[in-house]
Amino acid sequence: MTVGRQAADETTTPARGWGLNTWDSPWLNFKFLLGVAIVLVILLFGLLGPLFWDTDLAYTGAGPLNKPPVWEEEGLPEHPLGTESNGRDMLAQLILATPSSLKVGFLAAIIGMGIGMALGSVAGYVGGWWDHVIRTISDSAITIPALVVLVVIASYVQMTDTTAMALILAAFAWPGPTRLVRSQILTLRERSYVRMAHLSGAPALEIMFVEMLPNMLPWLAASLTGGISAAILGATGLEVLGLGPTRVPSLGLIINQATTNAALVRGLVWWWLPPIIILMVIFVGFFLMTIGLDEIANPRIRQFSSSRRERIAAGEAPSVEHVDGGVAARRDAALEVDDLHVHYFTPRGEVIAANGVNFNVRRGEILGLVGESGCGKTTVAMAILQVVQPPGRIVQGAVRIEEQDLVSLSGRELREVRWRDLALVPQGAMNSLNPVTPVREQMADAILAHENIGRAALEQRILGLLNDVGLPERVIDMYPHELSGGMKQRVCIAMSIALNPQVIIADEPTSALDVVVQRVVAQTLLEVKERLGVSMVMIGHDMGLQAQLVDRIAVMYAGNLVEVAPVESAFSEPLHPYTQLLIESIPSIRERKPLNVTEGLTHDLRNPPPGCIFQFRCQHVEQICRERRPDLVEREDDHLVACWLYEPERHALIELEEA
Amino acid sequence: MRGLTKEYVLQRFLMYLLTIWLGSTLIFVIPRLAPGDPVSEMVGRLSLDAGYIENADKLIESWKARFGLDAPIHVQYFRYWGNVFRLNFGYSLSHFPTEAWTMVRDALPWSLGLLTVATVLSFSIGVTIGSLMGWRRTPRWLQLILPSSLTFTAIPYFMFGIMLIYLVAFELDWLPATGAYSRRVDPGWNLPFIKNVLTHAILPVVSIVLTSMGGWALGMRGLMISVNNEDYFLLAQVKGLSPTRIFFRYGVRNAILPALTALALGLGGLISGSILVEFIFAYPGTGYTLYQAIISQDYTVTQAIANLIILVTATSVFLLDLLYPFIDPRITYKRNMR
Ligand code: SF4
Chain A
5 MTVGRQAADE TTTPARGWGL NTWDSPWLNF KFLLGVAIVL VILLFGLLGP LFWDTDLAYT
65 GAGPLNKPPV WEEEGLPEHP LGTESNGRDM LAQLILATPS SLKVGFLAAI IGMGIGMALG
125 SVAGYVGGWW DHVIRTISDS AITIPALVVL VVIASYVQMT DTTAMALILA AFAWPGPTRL
185 VRSQILTLRE RSYVRMAHLS GAPALEIMFV EMLPNMLPWL AASLTGGISA AILGATGLEV
245 LGLGPTRVPS LGLIINQATT NAALVRGLVW WWLPPIIILM VIFVGFFLMT IGLDEIANPR
305 IRQFSSSRRE RIAAGEAPSV EHVDGGVAAR RDAALEVDDL HVHYFTPRGE VIAANGVNFN
365 VRRGEILGLV GESGCGKTTV AMAILQVVQP PGRIVQGAVR IEEQDLVSLS GRELREVRWR
425 DLALVPQGAM NSLNPVTPVR EQMADAILAH ENIGRAALEQ RILGLLNDVG LPERVIDMYP
485 HELSGGMKQR VCIAMSIALN PQVIIADEPT SALDVVVQRV VAQTLLEVKE RLGVSMVMIG
545 HDMGLQAQLV DRIAVMYAGN LVEVAPVESA FSEPLHPYTQ LLIESIPSIR ERKPLNVTEG
605 LTHDLRNPPP GCIFQFRCQH VEQICRERRP DLVEREDDHL VACWLYEPER HALIELEEA
Chain B
2 MRGLTKEYVL QRFLMYLLTI WLGSTLIFVI PRLAPGDPVS EMVGRLSLDA GYIENADKLI
62 ESWKARFGLD APIHVQYFRY WGNVFRLNFG YSLSHFPTEA WTMVRDALPW SLGLLTVATV
122 LSFSIGVTIG SLMGWRRTPR WLQLILPSSL TFTAIPYFMF GIMLIYLVAF ELDWLPATGA
182 YSRRVDPGWN LPFIKNVLTH AILPVVSIVL TSMGGWALGM RGLMISVNNE DYFLLAQVKG
242 LSPTRIFFRY GVRNAILPAL TALALGLGGL ISGSILVEFI FAYPGTGYTL YQAIISQDYT
302 VTQAIANLII LVTATSVFLL DLLYPFIDPR ITYKRNMR
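So the protein lines, in turn, are chains A and B. Using our numbering, the letters of the first sequence map in sequence onto residues 5 to 663. Using our numbering, the letters of the second sequence map in sequence onto residues 2 to 339.
What you were told as hints is all true, and nothing was included just to trick you.
Below, simulated SDA-like cross-link-like pairs (lysine to any residue); rule was C-alpha separation at most 20 Å, straight line:
no., chain 1, residue 1, chain 2, residue 2
1, A, Lys35, B, Ser149
2, A, Lys35, B, Ser150
3, A, Lys35, B, Gly216
4, B, Lys196, B, Thr179
5, A, Lys35, B, Pro148
6, A, Lys107, A, Thr250
7, A, Lys35, B, Ile146
To list a few chain A residues with every Cβ distance to chain B over 10 Å, as calculated:
no., residue
8, Leu38
9, Ile46
10, Leu52
11, Ala122
12, Leu192
13, Leu221
14, Glu406
15, Gln408
16, Ser412
17, Arg444
18, Ala460
19, Lys533
20, Ser589
21, Arg621
22, Val625
23, Leu649
Cβ-to-Cβ under 8 Å is the rule here; a few derived chain A residues that face chain B:
no., residue
24, Thr140
25, Ser144
26, Thr147
27, Ile148
28, Ala150
29, Leu151
30, Val156
31, Leu268
32, Ile280
33, Phe287
34, Phe308
35, Glu420
36, Ser436
37, Pro439
38, Ala453
Derived by calculation from the structure, the hints in this document are not laboratory data. Since we're looking at a predicted model, the values are computed, not measured. By construction, the Cβ of each residue, glycine as well, lies at the ideal position given by its N, Cα and C atoms.
So that you can see chain B by itself, here it is in the shape it has in the complex (with noise of 0.2 Å):
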């Protein structure tokens, strides 16, 4: 029983389909478990803002009964998940005449892009990085300098995106601060358009993956340290291997499965802390959408976007776990492995 096995890929597309469902879910229903009601908040905002709004109450009955808020909950919940599968989820309230999920489609390639550089590029580094600092062989003078590379580790991406922001866009002028690209160039396959986009990307990038590369690799350094006392790599060394035979084949070969699964777990943190960076950045990805959403009450574009996170999260979790048997060859035979 090697690879996929039919049970394995059915019980990871349950835990998809239950992803999914938790999340939306969770959506759903936490904001009508709230004392009051959307609708009436989100007027009694507006009439915050606007002073004071006349008929309010019909306002609220009118805006309830347009977003099917009338209806008994089991029924809205029903009608929810309908348009989710469809996902269809109406039209923008901000831009009124585009569908929600136009908005959200448009935003979804630039995010998608940032964050997955930025999680290859700090995953492949920080584990590198680790298996250094978790091998006794490593020279002295590596060991040494190892360890400043976790120096950003604590800080969360967008404390440090907004002092690069400062320092290099601000003070040195080095690179531009906000958004994916500037105006004066036209989108499309053209090399200076190509050349913008990447220098957009270098800060959000680089904020990301020097706050987040430390992470993998402590982490790594302590699965390798690990392996480093398991008794096949004793019987390695015993049978006369070289070490960069050891390294590669016995220590980071078997180290980096958990630091697999640790990515698939984290994939939902990343992408959370991902939302602050584009905020800050005026990266105009889903996070900032959502953001922008958010600030001008497009409910349905929110909704939009928070589900479609929790979809693209999902499967990716979905296809490390589809990969992951090819990497790990126990992962299929014994059951409840994970």
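Just chain A, with the same shape it has in the complex (with noise of 0.2 Å):
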């Protein structure tokens, strides 16, 4: 099913090359550029700090014991925020102390990131037994408390100099950048398009810098940031016990000696105040950086913010223009879908993910949806069961099992129609079972969402169904990782035929799944609807397979339902040039490729053109085809096609409007 995946696939494409300049960039983040900000201005006021003010008046006795600020009544003019118990002036030291606490950060940080990512590399790239070393170590090494040994370290070595104390705080630094380069590698090697780039023979090298590097980048600034963050604690840490460099000021040290002269008891509010307000704005600065590049790495997370903006800003009310009502429904239609309209709301602008989709599925049929991934039809079935995910939404349209629309339900009625009326048998299954509650509890709360049953008779029913698609009883009490994708699919359908549901929507049933047990879970699904008379629509991409199973065939393309015929028809006499081109591909579908017929979608779906959608890959394509769009029509008996080619009027059309 993996609706997820693919609405995050339509609407981000994985970062290659760089690509910062662009102004839809996602770097253009506000938490991470405010974070950035920040912390620029409090690097400015130590770098340029020197050459406003004498920092001389940071040491010892340069004046007056205890003024307050200058805002204070007793302040001084030339010790603006005021000095402490040695005479020391608090501005000066505050500016000497700043850079020197961003400097351990950053080198600690910087030093710990090398290490990270030259043995997360290797741990990542060489696996094997240089992969169990490297995490083995580094995840125990993660859980040993950093500054406890720091302390220990400190009180024998005299750190003379912050780069000491930055190389002993990059001991404890290279642990969590390791474990990130290592599983960002593990996960992003498995990605389709460095698999492509592996395929296509690239050096490793060159993979690691061209498709790994700037998709991890976020990642890694994250954990840069986070580790410059920590580091500066470290340090902090280490000066506030006073088991820093003791002759630097630090911000640290200034908070080590507030509190060891009772600054606190005795109202000194401007000695131990200021070092902690920076070191808190040095803190929120990185926190921002952190969190915006958390956003920046995860798309899920912008889209859940954004998306959620954007209903806040709509109003939590689905906005659906109903044409409901008027409308006959056919008697033998199980599920009607009508005029349905989804779109993806993306920041880059609308996605018209299904346009006007208009279907029926009868009473006892399978019908087929197919088309190229990308086309829609999981948006589409994602839309029959009324789970599109943000940012989409269905903006028109009706969904009707039983004359009841399902897009006008609300959440108690929905949820009562739900698997009662209609179930759903997922994607390849793989996903589809939580994999931490074992089979029963997984079949039971669809059966007890519903009805009420008690225990004995709630184990006999699941038990009677894993065994009518063919499944030991022991099933029951495993977990999904326990079984093997043909059983878990066979799970799948037993639970969605718990409640004997008027409809069943197959997403791609058989994906994923090799060639043997796909037959066994095609041969499954035929028997169960053949027993209990259930109306089905199997998505797919595989013709070969549509053909063997479904009753009458749907075939879209780019969000539009463009052929809707008997599968014998379609297959025999095929109308539209893009199911013609389907057919043809037949072939080489046997070969197990996926269906990728021509170069894929050729326009681009946020503003698709005027006219046929088929237009710019259509062999036959004409005037008219340019203009208008042509309408789903019966052309032959039960054989709708959306094609000007089969108007034979199409000619006098285009005249007429040029009239």
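Both chains are given apart, each in its own frame, so use the hints to dock them into the complex.
So, in structure tokens, the structure goes:
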């Protein structure tokens, strides 16, 4: 099913190359930029301060003792932030201390990151024994309380300058980045575009830098900013305990001197508060950068917050235009999809994923819905089930079962209809079962959500269902990871028939399974359908499989239905040029290649061309195709097609318009 | 293969030993890698404080012999390990007749109590907030309020602690600023004492909880959002389950697993942070004792505490690891999961 993923694929493309210079670049994240600005301001304060203020005043005896800042009564203009118990000027101390705290943080984190990247790449790329050793050591190193070890070390080693301290801190900064880089490489290796690069024979280093690094960059940056603040925290911690370098002023040292001189009790607020404020601002800056980078790295978090904002702006209620009523429901239809429009509201514009989709599923039939990936077939399935994921939304249309429009149902009513009348067999079933609960519980909760039955009856029912799909009884107590792909899929089928629904949506039920298992699963589906007389929508891209299973076939292209026909006539006599292309490509499908007949979509789904959506790929394109969109019209018996070729009057139509 | 398998326990136990070994070895090795040797450093610092020490060289020699630092390094290392195993760290240098181990033992309950309460509170509050923030059905007013709980997230515990002491203890005089209990109550299992201990613990606990719960909340929010996009989460909706059931059984139930891993990995950091909290609040736990030992150059107590803290951290992580397979049935099945 992978709806989330599919939606994400439709709206975000993997980063390739660096692409930092566009205005809709994710790097223009408000939190991230604010964080950068804050840290820059603090840095400038430290770097430019010595130009404007005499930093010699930072040393003992340079001024009167314990003077408050200038805005208080006893304050002196020559010590604007006051002085402490040794007569040192606070402003001068802060100016000197700030850059040294930042320097320690940067240095330690960058060294740690360097080590982490090296070790992580080795672990992720080379794998095997190396991976094992590196992972074990970094995993255990990460749990060692760093400050304890640091404190002990610092008690022996008098740290004379900040560089020494940064080096020691770096010893604790590498395990985090190591873990991160390793897991990122392992994840990215599985992504299709990286695999593709591998297959095309690109050298490992090039893949690393061109395909992987840009995608890892936000994660690495987040880890770096996190590391910097951790290192600053470590350094400050040592300084506060009086274990850092004591000759160089540092923010932690000022706090240490203030607390050991009882500045809190004596009310010398200007002594201990300013360094804390500066540190807090630094930490807030890095924190903002880190969470901003998290959002950049994880488009889902971004989508989640933006979709929420959108929903709040647009009001919670789905603004659906109802075309309901007046349309006479066809007596023999188990499911009616009526003028369905689904749009994804992405930051880059409105993606039209389903554009006025219209079809019926008759009682007891299997309707196949086919098209290449990205054509909107999964979106239609999700819209039927009322689970279109934000930023997508049904903007218009109706989905009727027993003359009840699901789109207009409220939460509770919808819950009652779900599964009782309309069930789902998800795609591949790889991730459709909750990995941490046994099969029993997942089947039981579907039943219990709709019926009140006792324990024993429930158990009998579940065992019966498992039996129906040819699974042994022991499966009831197994966890998904203990089942094979085919078994998982059959559990899903058993689950889908638990309540004897009117309609089952099967979303590419056999994809991701191997050929033999595919046949078993398809067979199971057919048997179930025959026995229960259930109606089914079978979504898929495997034309060969569709030919064997379905009664009628509906072909989708770029969000539009282009042809709906009984399976025999669709295969023997395809009308739409796109369907013809699909059928010609069947031999390659026998070799189990994905449906990828041509170069894919040729237009931007955000703004479809006027006229026929297939015009850029069609060999028969005519003038009218570029101007007017063809309607889905019944051209032969029960055979609908949306193409001007079958409109004898087309020339007249266009002339009429011109006149 | 479910629950605890022999292989898994063994693997985790080896990790446990490795962590302890790594931590203790770091403590042993790094000071010796540094230029100069610890005893000369110590004497040097003493002479800085005292102005001048007669026969400094002899002093250094005798101290080295006293601590066994004149032996070759591998002999020192084995001796060190023997001592760590027997929890024999010798006498405290600053409180002479007391054994280092006794001092550590007295401090431990305070730290354990403080940290357990603070960690449990901050983790559970943070996870609850994060789960609600990452759930699409959370009421809108709650969605608007929840982010305010992140206010103090970026601030290190101890800085927040200083400000709390200043505001709540000195300016408002509501709660005691430092210590674990007042001198005027008798330690023991009596009500006034327990009340006194609790009031003393409020500020340190609050400063840890308020500053650390936001981190858990943010992490949990991200995890919930990913679970929201999982196929099983969607199937649960399609099954017509009630939103609360989906939230708990399909959302939180799954998202909490990586959060628990993060807790195990983050314990070291938590404990590090608590040293500073104890220092600021003069709370007589291990962190504060460690600090005292270091400023009084009590070398034996320092080692004892550092090793103990490493041991306790590793043990907690180990226990969490042992708990994990009961919550996540996959863990012992697929190797190399974590
Ligand atoms: S309408 Fe025109 S462009 Fe579209 S498929 Fe038919 S012939 Fe081709």
